[in-house]
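Peer 1: Listed below, chain by chain, are the residues.
2 protein chains.
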Amino acid sequence: MANLEKAFEALGDPTRLAIFQRIATRPHSVGEIAGHLPVSRPAVSQHLRVLKDAGLVSDVKDGTRRVYEVRPEGIEALRRYFDQVWERNLKAFQAAADKISREKGSSDDRSSGNKAGKKVH
Amino acid sequence: MANLEKAFEALGDPTRLAIFQRIATRPHSVGEIAGHLPVSRPAVSQHLRVLKDAGLVSDVKDGTRRVYEVRPEGIEALRRYFDQVWERNLKAFQAAADKISREKGSSDDRSSGNKAGKKVH
DNA sequence: CACTAACGTAAGTAATGGCTAACCTAGAAA
DNA sequence: TTTCTAGGTTAGCCATTACTTACGTTAGTG
Numbered sequence: 001m002a003n004l005e006k007a008f009e010a011l012g013d014p015t016r017l018a019i020f021q022r023i024a025t026r027p028h029s030v031g032e033i034a035g036h037l038p039v040s041r042p043a044v045s046q047h048l049r050v051l052k053d054a055g056l057v058s059d060v061k062d063g064t065r066r067v068y069e070v071r072p073e074g075i076e077a078l079r080r081y082f083d084q085v086w087e088r089n090l091k092a093f094q095a096a097a098d099k100i101s102r103e104k105g106s107s108d109d110r111s112s113g114n115k116a117g118k119k120v121h
Numbered sequence: 001m002a003n004l005e006k007a008f009e010a011l012g013d014p015t016r017l018a019i020f021q022r023i024a025t026r027p028h029s030v031g032e033i034a035g036h037l038p039v040s041r042p043a044v045s046q047h048l049r050v051l052k053d054a055g056l057v058s059d060v061k062d063g064t065r066r067v068y069e070v071r072p073e074g075i076e077a078l079r080r081y082f083d084q085v086w087e088r089n090l091k092a093f094q095a096a097a098d099k100i101s102r103e104k105g106s107s108d109d110r111s112s113g114n115k116a117g118k119k120v121h
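Just so you know, the protein sequences line up as chains A and B, in that order.
According to the working numbering, the first sequence is numbered sequentially starting from 1.
According to the working numbering, the second sequence is numbered sequentially starting from 1.
Be a bit skeptical, because a hint or two may be false.
Heads up, the list lumps identical chains together, so a pair's fine if it works in one copy or across two of them.
In silico BS3-like cross-links for lysine-lysine, where the CA-CA straight-line distance does not exceed 27 Å [to be verified]: (1) Lys-6 / Lys-61; (2) Lys-52 / Lys-91; (3) Lys-6 / Lys-52; (4) Lys-91 / Lys-61.
I should point out that these hints are in silico values taken from the structure, not numbers from a laboratory.
Please take these sequences and the hints and turn them into a complete structure.
Peer 2: Right under this line is the structure:
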């Protein structure tokens, strides 16, 4: 999955992640995005190109503007990846997973769920 | 969610992603990982530090060795993030989502699901 | 037509970050 | 204790890359 690698590389940059998160709320034009960021518009264009090459967003021409929106296939690929990682580790996670889903559990965590008393950092 | 940013930054590097993917199959020691990669062991150590700071892996001391394993909380955070992005865009995705879940649908895609005939790149 | 708005692209620069080499530390075995 | 094994840490080099400025392009408007 070379595409996964590109997706993570794309989201790896803080500015690009910020751009993606903004688009994730609703479609945005390039100018709109640049207006809310401390970088120039061309910089945003370059970031959008990377996000697009990674399959995370797509653009729609609207007159002279260009509206970018989230691309469902890209999100699905990432969703599936983490689901897969999760399930592959399901047995090992078991205890921790319970702890998470219990959310705000009683403050006394008995035995803390790690095996053989080895210290986990 | 500054932690999300660190997680994506961590997985953004190809070598680090390879390391993470290896750990995701089963826990590995540092030497094991370095043995399968074209980089030195110190480099692997540095990458593991980044992955650990991002909350994606944890390490367990085993004698003089150090075994790294996936950290469930980190995976959960990422899973939840993409679930959230997906659901927030659910309405917009609708058509595309159907198309994906149908997988290998009939080769004739009628109307291709885009609105108003604007070209999507 | 000319003018403007909204973008993308190219080139050049500056800074981030990944890598190796050398060194240091902590256990286990002799 | 000495020796060996397995890893973490630091310093510095070098390649990547994110950014800005300047220019080119396309579509709408007068």
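Peer 1: None of the hints should be skipped; say for each whether it holds.
Peer 2: Quick rundown of the hints versus the structure:
no. : hint            : in the structure
1   : Lys-6 / Lys-61  : within (24 Å within a copy, 33 Å between copies)
2   : Lys-52 / Lys-91 : between (36 Å within a copy, 21 Å between copies)
3   : Lys-6 / Lys-52  : both (10 Å within a copy, 22 Å between copies)
4   : Lys-91 / Lys-61 : between (48 Å within a copy, 21 Å between copies)
In summary, this structure violates none of the numbered hints.
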